[in-house]
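For chain A, the structure is supplied; the task is to place chain B on it using the hints.
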Amino acid sequence: MFKALFFKEWLKIRWAGLIMLGLFFLAAAKTALNISYGIRILGANNFWGEIILKNIPFFNDYLYLPVLTGIVIGIAQFFPEVTESRLKLTLHLPLKENNILLYMAFIGASAVLLISAISLFVMGLISLTYFPSEVLWAMVSTSLPWVLAGLTGYFGTIAVFVEPIWFKRIFFIVVFISFIQALLEPSHLNFFQHSLPQFTIVTLLFSIAILFSGHRFRKGVLK
Amino acid sequence: MENVVECKNLTHYYGKRLIYEDMSFNIKKGSIFGLLGKNGTGKTTTINILNGYLKPASGQCLIFGEDSQNLPPQTKTRIGFLMEGHIQYNFMTISQIEKFYSAFFPKWKKEAYYELMEKLEVLPEQKLSTMSCGQRSQVALGLILAQDPDLMVLDDYSMGLDAGYRRLFLDFLKDYASSNNKTIFITSHIIQDLEDFVQDIVILDYRSVLLSTTVKDFRDNFKQFNFEFDENMKIQLEKTDVVNNFELFKSHGAIYSFKEKAQVEKYLQQTKIPYKNLKQVSMSLEDAFIGLTGKY
Numbered sequence: 001m002f003k004a005l006f007f008k009e010w011l012k013i014r015w016a017g018l019i020m021l022g023l024f025f026l027a028a029a030k031t032a033l034n035i036s037y038g039i040r041i042l043g044a045n046n047f048w049g050e051i052i053l054k055n056i057p058f059f060n061d062y063l064y065l066p067v068l069t070g071i072v073i074g075i076a077q078f079f080p081e082v083t084e085s086r087l088k089l090t091l092h093l094p095l096k097e098n099n100i101l102l103y104m105a106f107i108g109a110s111a112v113l114l115i116s117a118i119s120l121f122v123m124g125l126i127s128l129t130y131f132p133s134e135v136l137w138a139m140v141s142t143s144l145p146w147v148l149a150g151l152t153g154y155f156g157t158i159a160v161f162v163e164p165i166w167f168k169r170i171f172f173i174v175v176f177i178s179f180i181q182a183l184l185e186p187s188h189l190n191f192f193q194h195s196l197p198q199f200t201i202v203t204l205l206f207s208i209a210i211l212f213s214g215h216r217f218r219k220g221v222l223k
Numbered sequence: 001m002e003n004v005v006e007c008k009n010l011t012h013y014y015g016k017r018l019i020y021e022d023m024s025f026n027i028k029k030g031s032i033f034g035l036l037g038k039n040g041t042g043k044t045t046t047i048n049i050l051n052g053y054l055k056p057a058s059g060q061c062l063i064f065g066e067d068s069q070n071l072p073p074q075t076k077t078r079i080g081f082l083m084e085g086h087i088q089y090n091f092m093t094i095s096q097i098e099k100f101y102s103a104f105f106p107k108w109k110k111e112a113y114y115e116l117m118e119k120l121e122v123l124p125e126q127k128l129s130t131m132s133c134g135q136r137s138q139v140a141l142g143l144i145l146a147q148d149p150d151l152m153v154l155d156d157y158s159m160g161l162d163a164g165y166r167r168l169f170l171d172f173l174k175d176y177a178s179s180n181n182k183t184i185f186i187t188s189h190i191i192q193d194l195e196d197f198v199q200d201i202v203i204l205d206y207r208s209v210l211l212s213t214t215v216k217d218f219r220d221n222f223k224q225f226n227f228e229f230d231e232n233m234k235i236q237l238e239k240t241d242v243v244n245n246f247e248l249f250k251s252h253g254a255i256y257s258f259k260e261k262a263q264v265e266k267y268l269q270q271t272k273i274p275y276k277n278l279k280q281v282s283m284s285l286e287d288a289f290i291g292l293t294g295k296y
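Chain order of the listed sequences is A and B.
The first sequence maps to residues 1 to 223 in our numbering.
The second sequence maps to residues 1 to 296 in our numbering.
Just chain A, with the same shape it has in the complex (with noise of 0.2 Å):
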């Protein structure tokens, strides 16, 4: 049954997915571009300076695009559950309801966690063949905030649509909006690497959020 399931939501999410990807491969190529003319123009010396010295990630590229991909995954999975109710022929399925809903989260959360973790990998190619392994390590450890922001973009953007109640939604938007921004403001390499599980167990939290809005859905609570 869960394979099933699992079918449907791929058959939902796959275009959106690939999409994103192809926006990350265009991401690390212009990242690419530009470490290349950086360190052509300010030679490899003033350009290491840059990067370490004033603490500037050259991969800002990538910055936003783990959240935008957290919103069009569950965009492309939610969308066509609301739309005429259709979240009600999924809750009818002979499983427990907050069982599919979890799944469903946990697809589209895998799905956020694969195009971030294909980028990243691609992205550390990158840093490889122009830096230390230091730098690579600086990096991964920076973008990691920048992928949670992407799973809570996710979590915040399902719940939202399951959510019937207008008031709770625009709440929703207010709570993860506030903690997405806390993820992705500080722009220097590193400035996360204590807080990180915090902030992890957090983002976890909030893939629960959609059994609240999806029990509401299913009670018929008033708009």
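These are computed hints drawn from the structure, not numbers from a lab.
Even for Gly, the Cβ is constructed at its ideal location relative to N, Cα and C.
Careful, some of the hints might be misleading.
Unchecked claim - The following residues of chain B were derived to be distant from chain A, with all beta-carbon distances above 12 Å:
hint, residue
1, Thr-214
2, Phe-229
3, Ile-273
Said to hold, decoys possible - Here are the computed lysine-lysine pairs in the BS3-like style, where the Cα-Cα straight-line distance is at most 30 Å:
hint, chain 1, residue 1, chain 2, residue 2
4, B, Lys-216, B, Lys-239
5, A, Lys-96, B, Lys-55
6, B, Lys-29, B, Lys-182
7, B, Lys-279, B, Lys-261
8, A, Lys-168, B, Lys-16
9, A, Lys-3, B, Lys-109
10, B, Lys-16, A, Lys-219
11, B, Lys-272, B, Lys-250
12, B, Lys-99, A, Lys-3
13, A, Lys-3, B, Lys-127
Chain B alone, transformed into the frame defined by chain A:
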């Protein structure tokens, strides 16, 4: 006889607007039950309560003895649900949607689905979103037939369908209903189609249940009496225990009643209404429905 559905004292409001109060009905195993009513009287609300998508303000529905608000997965496999407008997963193709649902239902009958699909001029790889409303209705019906449920809940199956598709839909439903102990709960705004199909009915009015009976009893006992009067006379009728409803138009009138002609005649005489040519006329189920609920 065993009841598949038992709804007790259902009351529901949307905000402060009362939809209905203290509505109760049972659906017997193997019966075809019609919930009839004009738009906005609470048919879809009842179906939503029955499927656990809406919590009533008070009251409870039991399906196969389980509270409809918390149906276990095993019970859900026994219930086929057709959403109003034949909503299905439009992003899937004919074959994908069959493959998807087949994983959930142990008694899945693939051939029942494809038998219906063969009647449509569609390809297995055609997406539902590219199909007409009538074709989509057949896909939705085919999926429920393949599920082979013990109870079918059909919310306004006739919505958007032309006469041919409506008839095709009912032909398949009749075939399904004739198999062992299958129960159907159906709502529709096209009453004439249900005339020879449903057995038990509940007729909803705004805020209340007007009637709960069998189609046979309703047609045998509910009568229309036409009469004539002088167009210049001002006639005033009101609803009483004799007159369930009435219509006046120029020099013609109609009284709808569960009483016999003699009692209606006596009522007209007592109220000094100058009637002429009082006669009982035959009614279809739709006439009777409109007679009882009114045109507005």
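Hint check results:
1. Thr-214: holds (29 Å)
2. Phe-229: Given a closest Cβ separation of 48 Å, the condition holds.
3. Ile-273: Given that every Cβ of chain A is farther than 12 Å from that of B:Ile-273, nearest at about 47 Å, it holds.
4. B:Lys-216 <-> B:Lys-239: OK: B:Lys-216 and B:Lys-239 at ~24 Å, within 30 Å.
5. A:Lys-96 <-> B:Lys-55: holds (17 Å)
6. B:Lys-29 <-> B:Lys-182: Between B:Lys-29 and B:Lys-182 the Cα gap is close to 7 Å, so the pair holds against 30 Å.
7. B:Lys-279 <-> B:Lys-261: holds (8 Å)
8. A:Lys-168 <-> B:Lys-16: Roughly 21 Å separates the two Cα atoms, so the pair holds.
9. A:Lys-3 <-> B:Lys-109: holds (20 Å)
10. B:Lys-16 <-> A:Lys-219: Holds, because 17 Å separates the two Cα atoms, which is no more than 30 Å.
11. B:Lys-272 <-> B:Lys-250: holds (18 Å)
12. B:Lys-99 <-> A:Lys-3: Answer holds: B:Lys-99 to A:Lys-3 is near 11 Å, not above 30 Å.
13. A:Lys-3 <-> B:Lys-127: Holds - the C-alpha atoms of B:Lys-127 and A:Lys-3 are around 21 Å apart, at most 30 Å.
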